[in-house]
Amino acid sequence: MIKIYEKLPNLLRRNTNSIKQTVELVLSRNYTNTVPDKILEKARRSRLGAAVKGPAVQIENEPKLEQANKYTEAERDYKYIYPDFLPNPVYYFRDKIRERLERNDMLNRRKQITIPEFYVGSILAVTVSDPYAPGKTNRFVGICIRRDDYGLRHSFTLRNVVDGLGVEILYDMYNPTIQTIEVLKLEKRLDDNLSYLQDCPPEYSTIPFDLQPVKLLPGMKVPVNTTKVPLKKKPWRHAWDRKSLRGVILPEIKRYEHEEYMQSTSEFKPYQKWDLMKNYRETIHDDDHREIIQDIKKFESEITDKREVITAAKKLVRTRNIPSENSTPNK
Amino acid sequence: MNERNNIYNNNTKRTKNGLLGMAIVGAISSDPRNYTSQYLDIFKNSGVPPKRKLTKFMISQNAVVQPGTPLFAAHFRVGDYVDIGSHTIGFGFQGVMKRWGFKGGPRSHGSTKFHRKRGSIGSGRDRRPIKGMKMAGRMGCKWRQLMGLKIWRINNKYNILYIQGPVIPGPTHSYVRINDSCLPKNREQITQESHPPFPTYYPDEQEKLPEEIFDKGLHQFNDSTIKFENFEVKKITKREGAKIAKIKN
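Protein sequence lines correspond, in order, to chains G and Y.
Numbers 1 to 331, taken from UniProt numbering, label the letters of the first sequence in order.
Numbers 1 to 249, taken from UniProt numbering, label the letters of the second sequence in order.
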């Protein structure tokens with residue numbers, strides 16, 4: 001056995017290209033009639049065959065990335081506040097120019113509506129314009145169960161129990177018919193996906209429509225709700241005991257069921273904790289992070305300019321006795 | 001006839017414009033050191049760097065374009081209808097349930113080795129399977145065309161078309177062939193008064209295009225939210241002359 005371990009470093013030194021190729025094949029499936037990503041991005045920046053005049057791709061006007069060696073804590077938190085701006089972890093589905101254009105559309109929409117910061121487990125109230133409703137609007141209150149997809153297709157679902165019937169509604173975040181999104185209670189839960197509430201007693205997902213908003217003091221951290229929800233008797237919609245859920249009280253598992261679970265290779269995967277490549281694929285590269293942060297900072301600066309103008313206008317309205325140069329003191 | 005109309009037949013007897021020629025269009029210019037001398041001879045007379053991908057379009061003599069002219073997204077207009085063709089995604093060797101959508105067999109109740117199989121191949125009459133029987137095999141990677149898709153939005157800075165459709169065939173970053181649509185209802189909309197730029201769009205320094213062009217019916221993200229204030233709901237009334245059952249004495 002010792003001889004094999006001595007040989008491995010020599011093999012790795014000779015065949016470094018083969019390892020790179022296997023990694024590339026795994027990440028980029030080879031299809032006919034396609035252009036590899038490296039060649040596409042090179043061609044977009046090159047001067048070969050590019051028309052200098054006219055509405056062709058402009059080479060020099062690419063945004064220059066600010067060199068940020070260290071990110072502040074506020075910038076690192078953007079992935080929690082704006083999770084719709086994160087790129088797809090599957091590199092095969094990504095395109096840089098499409099993400100850039102989608103980001104512009106998303107920020108243009110955010111100037112019309114304030115989309116607040118919320119997490120899975122917080123209680124929201126959404127008003128949507130409905131042509132067939134009496135007041136042409138429709139308001140729904142519920143817990144946010146999950147947030148899916150990336151970019152313009154970002155969506156969230158709200159759950160509530162209405163007249164004894166569980167209701168889950170899926171809202172697209174950048175739907176132009178949404179009028180307001182209010183956060184009635186900002187909080188987090190122990191899981192990222194609360195779809196197990198459908199197999200829990202209905203008390204844990206009922207929310208009154210008259211809920212008053214709970215205000216948090218500025219500077220407070222987002223509170224974490226550590227309630228553990230009990231599950232009803234089986235049958236369940238999904239096998240909640242096989243997913244590593246922390247906010248759930250599981251019933252006793254029988255021995256033969258647990259052995260089945262250990263033998264099933266599709267679900268029992270404790271080794272994923274130590275899978276470095278999987279972790280690498282799901283994290284964002286620093287270059288992507290920089291581009292996203294630049295766009296968000298520009299957007300925030302534009303909004304704060306508007307707010308300063310509005311507050312300054314309010315101050316002018318309040319001051320009625322504007323002092324002039326030749327003012328005499330009151331006698 | 002100075003119009004742009006899709007010529008989808010090579011037959012010279014049927015064409016209005018007589019003999020047709022072939023226009024070679026290339027995509028993604030690259031390093032000439034990567035190619036053979038025979039391939040580089042194609043690009044000698046045009047003065048253009050060699051391209052990775054070449055296709056051909058049949059055109060009439062009116063629409064001849066000088067070699068080396070770049071093609072932009074402004075070659076099309078917003079509101080035009082378009083045919084798209086490309087190779088679909090390749091799934092490899094797939095079984096009958098994924099390839100044709102068969103139901104397979106039961107998972108339990110005593111079924112022995114019959115969960116994802118096909119079943120019977122034929123009947124006792126012909127004593128052989130019928131031609132065209134659906135079986136397992138290579139799925140995908142075929143040339144498919146979608147007809148009559150509308151362009152809703154154009155981005156002139158990056159030369160991007162926003163096309164409506166259920167799906168555009170092929171994976172991301174695949175080559176795609178775009179034509180003016182050949183369907184008769186879309187060809188009627190092309191007239192001598194209003195037609196897309198013929199033979200192509202030539203850029204002007206004085207008349208520069210806007211960066212983005214939207215269709216009229218499309219909601220831009222700069223606009224305010226949609227509110228149905230002037231929407232009138234049609235009330236359902238009883239039909240006049242409704243058939244009512246009569247009681248016979």
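Hints in this document: simulated from the structure, not taken from any laboratory.
Hints may be right or wrong, so weigh each one.
Claimed, not checked - Chain Y regions said to be covered by chain G (calculated; three or more residues, Cβ under 8 Å): (1) 168-176; (2) 229-238.
Unchecked claim - Simulated restraints on C-beta separations: (3) G:Ser155 - Y:Arg153: 49 to 55 Å; (4) G:Lys79 - Y:Ser108: 41 to 47 Å; (5) Y:Gly104 - G:Pro251: 32 to 38 Å; (6) Y:Ser194 - G:Arg47: 33 to 39 Å.
All C-beta atoms in this analysis are idealised placements derived from N, C-alpha and C, irrespective of residue type, glycine included.
These are the hints, each one checked on the structure:
no. : hint                            : verdict
1   : 168-176                         : holds (count 6)
2   : 229-238                         : holds (count 3)
3   : G:Ser155 - Y:Arg153: 49 to 55 Å : 22 Å, violated
4   : G:Lys79 - Y:Ser108: 41 to 47 Å  : 45 Å, holds
5   : Y:Gly104 - G:Pro251: 32 to 38 Å : 33 Å, holds
6   : Y:Ser194 - G:Arg47: 33 to 39 Å  : 37 Å, holds
Checked against the numbered hints listed earlier, the structure breaks hint 3 alone; every other hint is satisfied.
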